[in-house]
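Asker: From just these sequences and the hints, can you work out the full model?
The residues making up each chain are set out below.
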Amino acid sequence: MTVNENQNPSNFGGGGAAAPPRAAAAARPPLEVSSTKVDASLRVPLLALFGGAALWLVVGSVLGLIASIKFHAPDFLANCPWLTYGRVQPAADDALLYGFCIPAGLGVALWLFAQLGQTPLRGAIVPVVAAKLWHLGVLVGLFGILSGNSTGFAWLEFPRAGSVILFFAYLLLALWVMMNFAARRERALFPSHWFLVAALFWFPWIYSTANLFLVAWPVRGVVQAIIGWWFAGNLLFVWLALVGIGTAFYFLPKFSGRPLQSYYLALFAFWTLILFGTWCGIPPGAPVPAWLPVLSSFAAVLTVVPVLAVAAIAWQTSRGSDAPSLECGGDARVVAPVHADCLVGQDKATRASHSPYGDGASPPRCFIRFGLMSFVLSSLMLIAMACPRISRVTEFTWFGPAQTQLQLYGFFAMTMFGAIYHLLPRAVGFELPFPKLARAQFWISMYGVVLLVLPLAIGGVEQGMKLNNFNIAFMDTTKAMLPFLRISTIGLLLILLGNSLFALNIFAMTFIWEKSLVKKAFAIVTAPLPVLRPDKIGTTEGGETPEVKV
Amino acid sequence: MKNGFWIFLAVFVALGGSWCGFVLAPELQLGGAKQTTILNSSDVYPVGRPGEATQGSSVYRANGCAACHTEQVRQTGMTCAVTLTDAGKNPVAVTNLISSLKLTSLTKEDADKAADKISAAGGKTEIHIAATGPDIARGWGMRQSVAEDYLYDQPVQLGSLHAGPDLANTGARADANWQLLHLYAPRSVVKGSTMPPFRYLFEVRKIGREPSPNALKLPPEFAPPASCEVVPMPEAVELAAYLLSLRATVPLYSAPIAP
Chain A
16 MTVNENQNPS NFGGGGAAAP PRAAAAARPP LEVSSTKVDA SLRVPLLALF GGAALWLVVG
76 SVLGLIASIK FHAPDFLANC PWLTYGRVQP AADDALLYGF CIPAGLGVAL WLFAQLGQTP
136 LRGAIVPVVA AKLWHLGVLV GLFGILSGNS TGFAWLEFPR AGSVILFFAY LLLALWVMMN
196 FAARRERALF PSHWFLVAAL FWFPWIYSTA NLFLVAWPVR GVVQAIIGWW FAGNLLFVWL
256 ALVGIGTAFY FLPKFSGRPL QSYYLALFAF WTLILFGTWC GIPPGAPVPA WLPVLSSFAA
316 VLTVVPVLAV AAIAWQTSRG SDAPSLECGG DARVVAPVHA DCLVGQDKAT RASHSPYGDG
376 ASPPRCFIRF GLMSFVLSSL MLIAMACPRI SRVTEFTWFG PAQTQLQLYG FFAMTMFGAI
436 YHLLPRAVGF ELPFPKLARA QFWISMYGVV LLVLPLAIGG VEQGMKLNNF NIAFMDTTKA
496 MLPFLRISTI GLLLILLGNS LFALNIFAMT FIWEKSLVKK AFAIVTAPLP VLRPDKIGTT
556 EGGETPEVKV
Chain B
42 MKNGFWIFLA VFVALGGSWC GFVLAPELQL GGAKQTTILN SSDVYPVGRP GEATQGSSVY
102 RANGCAACHT EQVRQTGMTC AVTLTDAGKN PVAVTNLISS LKLTSLTKED ADKAADKISA
162 AGGKTEIHIA ATGPDIARGW GMRQSVAEDY LYDQPVQLGS LHAGPDLANT GARADANWQL
222 LHLYAPRSVV KGSTMPPFRY LFEVRKIGRE PSPNALKLPP EFAPPASCEV VPMPEAVELA
282 AYLLSLRATV PLYSAPIAP
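Those protein sequences? They're chains A and B, same order as listed. The opening residue of the first sequence carries number 16 in this note's numbering; numbering runs sequentially from there. The opening residue of the second sequence carries number 42 in this note's numbering; numbering runs sequentially from there.
The hints are simulated quantities; they were obtained by calculation from the structure and are not laboratory data. A virtual CB, placed ideally from N, CA and C, is assigned to each residue, including glycine. Wrong hints could be hidden among the right ones.
[What the hints assert, rightly or not] Derived coverage of chain B by chain A (criterion: at least 3 residues anywhere in the stretch with Cβ under 8 Å from a Cβ of chain A; other residues may be distant):
#1 58-68
#2 81-95
#3 98-105
#4 126-135
#5 150-157
Answerer: Here it is as structure tokens:
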């Protein structure tokens, strides 16, 4: 790390994928590694990570929809033990978290580190194997839950076999990301580095702690519940925040064309997040020694600080940028077809990669902006639920699931969609097959989140107030919740549709890439034997890694 | 990267702090917890669940019952009342004293004071302590759930959602027959219930030479044809046994009640 660069905030941002920070580029000889080469080295691992993630995303939303329909018709699929509510619901949650969020986050981290460090990934076969292993672990885990072998701990339901596979797959992936980080050519550190390195390091710690103390050698009594809350809070709030915000802090300056506002505020957000956020999660009414929930509530209130810091950074960085105003709208006029994304300092190919969405709209930007807004809102909901007075109403109501869904899907998954739509075309070397669908997905997923979260949150507050009035029979509180649950089913339906569009793009991309591989291989096999014609040899060699021109 | 080591160390300490606080410290404080004695008694609590109920706990886990049900009663406060058990040698004075005192809806301190005054006048008293709060008023329990209640549970399934009612004391509210009927056809006993039926824990079979004594006595609209009967499979019996074992009614030092 060169301290000078690090301390000069103007050097951060603006740069990234293609262009290193301008000052850095001027100070040292041009790097011989082109961005395309970095991208190409990541192609196969990213397709492996994101392909499986897209599959689990769709599977998870189908399971979630099945669970939700059971509130309309409790007899729906009731004779099948594999699809009873108590198994389908956790399976849906875990498919979203372990199936999509974590591998997507790891893939984005892999790409970000290679880009920020200007360093091609070496030994790409290892992350590919690790990605396949991870998705195998998710398969084993989901199979375990649906067959009735859940561990019974929220967010840790995967039985032992699944957890062990996940753990080692994660270690392999994280190790490769860190090796790429250690070998980086561009030595400057960006705030994204801090967030992502901490996240990479934190997951194995919390995941092994939870699995060892809850599943392998269970501790006694309520200590299980305490460790369970600690784990869930750290995974769902801290880990996702570190990865999601780390990612957003890379993309915000790129999209707005001005440096992150500011570097020091970002570091401040980082330190306060890991200092306070890691202590959240123990509900105020928990049947545990009083110091635990008191400490946790106190920490949750302090967590307002990093959340507001993130909001301020996002606001300041996007505000007054040189980019034309963002159009997520479907009928947006063409303001500036290419510059809408305003990738300052990008090469022509990179800029062109944003035009196919048309009409100046930029799904990646829309997704990430929505993700940041969801982060702030869901974090404030989390903090509110940690306040004893509010918790008295919201505890044990649908407000909790509403917060979780906003965090997992509204914030994290949406941020990842934006990042993946941005980076995957670069990594694979050709455009999204259906760019218009990416844009449609933004709207569908966004309305899906709103229709899922808003009714549950409002209904949850109403449910909580009714539960606190013992004159209202419990059955009536349940009945009053049904209309809200029905609206949320529509939200889940939209989310399923949005997820399918995402998966369609990813799968089609994988298919096109595989087809080009087969074509090349076929061309090599069927090529006439080299009759010493040097000009022909040159074109058929290296067919295993086709360089598709953008 | 000359600062790299120090940055890493600082991150390690920051993250490790929460591990020490919420993993290590609770384990040191509670990990060695043992049975406690019931208030005003020499009996210990909790005694482990019967074997069948322990197996039922794993049926509860396997089917994710905790996705909708909690096992935790909350209380917002407590209220005390003083009653006279023996007027003693000077009943008139005691009666006069009592009529001048407030004896219900007291805090523990006020109840103790009132009891002291009455005993000074020669009467004998009892102090009743009742927990208060919506959960208690709903009949979900007599007192709040405390750490001791979960000592032998594996896994501890507190739950986080009241999509269904709290079950911390369901064993005190309903009998085995009700539990089995409710599992097979929730709406046969609770009108409008949104609970999914757990028919796969039961066997619907032709009645043999004579009906099984375990067959459910279902209302006609939920019953199979007359020649068939619904018999709980072992899992259903175990689950019902577990639900029956769910009762946390004894007074403890950390949750005193005196009915």
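Asker: Now tell me if each hint is right for this structure.
Answerer: Okay, the hints, checked on the actual structure:
no. : hint    : result
1   : 58-68   : holds (count 8)
2   : 81-95   : violated (count 0)
3   : 98-105  : holds (count 4)
4   : 126-135 : violated (count 0)
5   : 150-157 : violated (count 0)
When held up to the earlier numbered hints, the structure conflicts with 2, 4 and 5 and fits the remainder.
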